[in-house]
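Engineer: Chain residues, written in single-letter form:
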Amino acid sequence: MRTLRGNQLLNQKVFENLTLVFKNYKNVRFSSHFTYVPDEKSPVSGETAKMNMFQAINNSLDYTLKTDQNALLFGEDVGFGGVFRCSLDLQKKYGKGRVFNTPLCEQGIVGFGIGVATAGATAIAEIQFADYIFPAFDQIVNEAAKFRYRSASQFHCGSLTIRAPCMAVGHGALYHSQSPEAYFAHTPGLKIVIPRGPIAAKGLLNACIKDQDPCIFFEPKALYRAAVENVPVENYELSLGKAEILVEGTDITLLGWGTQVHVLREVGILAKEKLNVSCEVIDLQTILPWDKKTIVESVKKTHRIIIAHEAPLTGGFGAEIAATIQNECFLHLEAPVQRVTGFDTPFPHIYEPFYLPNKWRCLEAIENAINY
Amino acid sequence: MWNITKNTLSCIPKNVRSIKFRYGPTKNLKTTSTDFVQNNSTTEPLHPGLKEMKWVNELNYFKEQKYDILPIYRVLNHSGEIIQETENPNLPKNTLVKMYQKMVLLANMDIILFESQRQGRISFYMTNTGEEGVQIGCVAALNFDDLVFAQYRETGILMYRGYTVQNCLDQCTGNIDDKCTKGRQMPVHYGSKELNYVVVSSPLATQIPQAVGAAYTFKIQKLDKISCVFCGDGSASEGDFHAGLNFAATLNAPVIFVCRNNGYAISTKVNEQYAGDGIAARAPGYGIHVIRVDGNDIFAVYNVIKYAREYALKHNKPVFIEAMTYRVGHHSTSDDSLAYRDANEIEQWSEKGIVGGPIKRLRKYLEKKNFWDDETEKKYQTECRKNILSALTKAENKLKPNWREMFGDVYHKMPEHLREQMKEMENHLKKYEKYYPVDQHAK
Numbered sequence: 000m001r002t003l004r005g006n007q008l009l010n011q012k013v014f015e016n017l018t019l020v021f022k023n024y025k026n027v028r029f030s031s032h033f034t035y036v037p038d039e040k041s042p043v044s045g046e047t048a049k050m051n052m053f054q055a056i057n058n059s060l061d062y063t064l065k066t067d068q069n070a071l072l073f074g075e076d077v078g079f080g081g082v083f084r085c086s087l088d089l090q091k092k093y094g095k096g097r098v099f100n101t102p103l104c105e106q107g108i109v110g111f112g113i114g115v116a117t118a119g120a121t122a123i124a125e126i127q128f129a130d131y132i133f134p135a136f137d138q139i140v141n142e143a144a145k146f147r148y149r150s151a152s153q154f155h156c157g158s159l160t161i162r163a164p165c166m167a168v169g170h171g172a173l174y175h176s177q178s179p180e181a182y183f184a185h186t187p188g189l190k191i192v193i194p195r196g197p198i199a200a201k202g203l204l205n206a207c208i209k210d211q212d213p214c215i216f217f218e219p220k221a222l223y224r225a226a227v228e229n230v231p232v233e234n235y236e237l238s239l240g241k242a243e244i245l246v247e248g249t250d251i252t253l254l255g256w257g258t259q260v261h262v263l264r265e266v267g268i269l270a271k272e273k274l275n276v277s278c279e280v281i282d283l284q285t286i287l288p289w290d291k292k293t294i295v296e297s298v299k300k301t302h303r304i305i306i307a308h309e310a311p312l313t314g315g316f317g318a319e320i321a322a323t324i325q326n327e328c329f330l331h332l333e334a335p336v337q338r339v340t341g342f343d344t345p346f347p348h349i350y351e352p353f354y355l356p357n358k359w360r361c362l363e364a365i366e367n368a369i370n371y
Numbered sequence: 000m001w002n003i004t005k006n007t008l009s010c011i012p013k014n015v016r017s018i019k020f021r022y023g024p025t026k027n028l029k030t031t032s033t034d035f036v037q038n039n040s041t042t043e044p045l046h047p048g049l050k051e052m053k054w055v056n057e058l059n060y061f062k063e064q065k066y067d068i069l070p071i072y073r074v075l076n077h078s079g080e081i082i083q084e085t086e087n088p089n090l091p092k093n094t095l096v097k098m099y100q101k102m103v104l105l106a107n108m109d110i111i112l113f114e115s116q117r118q119g120r121i122s123f124y125m126t127n128t129g130e131e132g133v134q135i136g137c138v139a140a141l142n143f144d145d146l147v148f149a150q151y152r153e154t155g156i157l158m159y160r161g162y163t164v165q166n167c168l169d170q171c172t173g174n175i176d177d178k179c180t181k182g183r184q185m186p187v188h189y190g191s192k193e194l195n196y197v198v199v200s201s202p203l204a205t206q207i208p209q210a211v212g213a214a215y216t217f218k219i220q221k222l223d224k225i226s227c228v229f230c231g232d233g234s235a236s237e238g239d240f241h242a243g244l245n246f247a248a249t250l251n252a253p254v255i256f257v258c259r260n261n262g263y264a265i266s267t268k269v270n271e272q273y274a275g276d277g278i279a280a281r282a283p284g285y286g287i288h289v290i291r292v293d294g295n296d297i298f299a300v301y302n303v304i305k306y307a308r309e310y311a312l313k314h315n316k317p318v319f320i321e322a323m324t325y326r327v328g329h330h331s332t333s334d335d336s337l338a339y340r341d342a343n344e345i346e347q348w349s350e351k352g353i354v355g356g357p358i359k360r361l362r363k364y365l366e367k368k369n370f371w372d373d374e375t376e377k378k379y380q381t382e383c384r385k386n387i388l389s390a391l392t393k394a395e396n397k398l399k400p401n402w403r404e405m406f407g408d409v410y411h412k413m414p415e416h417l418r419e420q421m422k423e424m425e426n427h428l429k430k431y432e433k434y435y436p437v438d439q440h441a442k
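As given, the protein sequences belong to chains A and B, one line each in that order. So for the first sequence, numbering that gives the first Met the number 0 puts the first residue at 0; every next one is plus one. So for the second sequence, numbering that gives the first Met the number 0 puts the first residue at 0; every next one is plus one.
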């Protein structure tokens, strides 16, 4: 609508009528299953600027290209700014030699990136959607992850970062909605990171790019525009492998990552209002290697945990966490570990509202855990 | 150097003879896709998907069998004589002798290690028999700094650059001196940072787009070096082969692709691998300069690599080389190739056969030049075998690395969960040590 108004194609009257039509229209897309809660805490002091998540990512990439002359940024359509605008203006600033389009071939993009990193340069590769990372699965799992190990550290591709948009977007169906983190979590040698918003995205992406191991950085695409925060202008890094406690609580731990963190924050408020339950909300942030210590400590305090992720239940990363909690917190648990996840189906188009582990399914899980 | 020229066009209908074939990136091509030019004329096609084109008004498919078959470039004939003196690389005596010696050393090591696998002394081995010429001819023409991405049958390159028989055997046995893989990879998965040879991995063709990425980086950093990547005729069927060639051409990477077409991928013959004119004929489709060479002719290989290297560096463009050869040995120690091919066929390609291998051909040349004779040969062969056997014994007698090395180098720094798992194994071994081969490993 903003574009239409900006172009003055519609007068105010027509616009209001249209809005009314949309309101009454029963089949309007059920596109927002979460309410975005901006981070208030700034990781560094100093000046901040309002940025959404794609701008924060752009800011991080800009900083890298400016300060690291060996950094290259490439993928499908990154030259004109990227289909999600993350690389906006970077080709203009740093030239076609350093910011460039590749042919449409994911195995090529990652293989090429490994080569760049092997030659000692910083490689930031973009896969247009996490759903299309699978053609590069062999290069990621057999090559990138094992490069250092198999060559006794003679060669490595530690300066490789792979960025890819992930998770639900309201209408992405099978191939624009997936959360493939669990496939990669089974691969020693990789680091997997998912931010919940602009401040986290900038700090974690900076850390991934600087990190000396190959990293996959999944960006929840629903947050690119929806998430706006006051992001520090100055550069900063957030630690990989660290979960963050967002809301402290005493009765139950709610653990998620990416967009799901915002669902859980809302669930925490609902649980307080409706059930008088105090929830501790944690953002895992790094899937591999994950922050066992923080989660275990929280569960030992609250005695209950709900793990929620958009990806399917079977073989999802929630299973790994649940098994570890069972092992480490056996005597502290007062209810079975609850997993609220996507169902074991492909990600559907019109059924998305029924598929997602939304606030109502999470709230019910809290009821079950508390009443167990 | 060979180029597709006018005679290639014989298959095109007369009325489209004016098509300019653009095999090989010898001309600056105008693209209509990036530079929009206002053109109201409908006399010429304006599709952004093509470079320059003309209309044709009669239906004429371009038939695959009408392409000229790419010829095989050669310098030495089977008797070790230079066919055309202008093509003689005129290498100095010491280089020629080194090339020959490394081939003979490699051939001897292959015989001994193949046998030692049969005796259970190493777990696996892959010989280079018949393909020594491709490797040595290539490495002699490269600069030492050029980064090599090998498949697995290119050990000669490493040896020419200084990798010793002992280095090979330490890797094959996975002992404490295996600096290459710390006993983590299967035998023959060699590599060396110092010798600019990326450690080999088993998945086929994965190294091809990687080599392109490295070459692109050398270009951006204005380093005076290229990368050279090897694959076989089989791995050229992988998607990564397509990815690598297309990326190299569109991103202008100074990389040399060398395909060893030895007729077989394990048991699969080339006629089940592809239906076109080998691998080389694909390169023009990607816009890549290409040549086919006699892989058993070390001078021919040397010449094409020498040219390719200069060309790649000067123009920042890839070059494709298909080296025609024959896999004389079994695919690996896990394979008996007589199950799918005739013994006579192997015989004709062996060093004693009618066609003969690359070693015999160079030897004949050296003898004519009086750079080598029977006595030197006998002495050198004995010396080779002695060295290899003594290296094998040494390698076998060395301890394996500490079992904790199993946990190292997964990440740059060992993460907490791996430290815990290592601790768990330590505790387990305290109780159950006698069930493990701990004596064979360094403490």
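Take the hints with a grain of salt, since some may be wrong.
Under the rule of at most 20 Å between Cα atoms (straight-line distance), these lysine to any residue pairs were calculated in the SDA-like manner [claimed, not checked]:
(1) Lys-221/B to Leu-362/A
(2) Lys-95/A to Lys-218/B
(3) Lys-218/B to Asp-67/A
(4) Lys-65/A to Ile-219/B
(5) Lys-367/B to Leu-194/B
Residues from chain A that face chain B, not an exhaustive set, calculated with beta carbons under 8 Å [to be verified]:
(6) Gly-80
(7) Asp-137
(8) Ala-184
(9) Lys-209
(10) Asp-212
I should point out that these hints are in silico values taken from the structure, not numbers from a laboratory. Glycine residues also receive a C-beta, built at the ideal position from the N, C-alpha and C atoms.
Engineer: Would you pick out the hints that fail for this structure and give their numbers low to high?
Structural biologist: Violated hints (numbers, rising): 1, 5, 6, 8, 9; every other hint is consistent with the structure.
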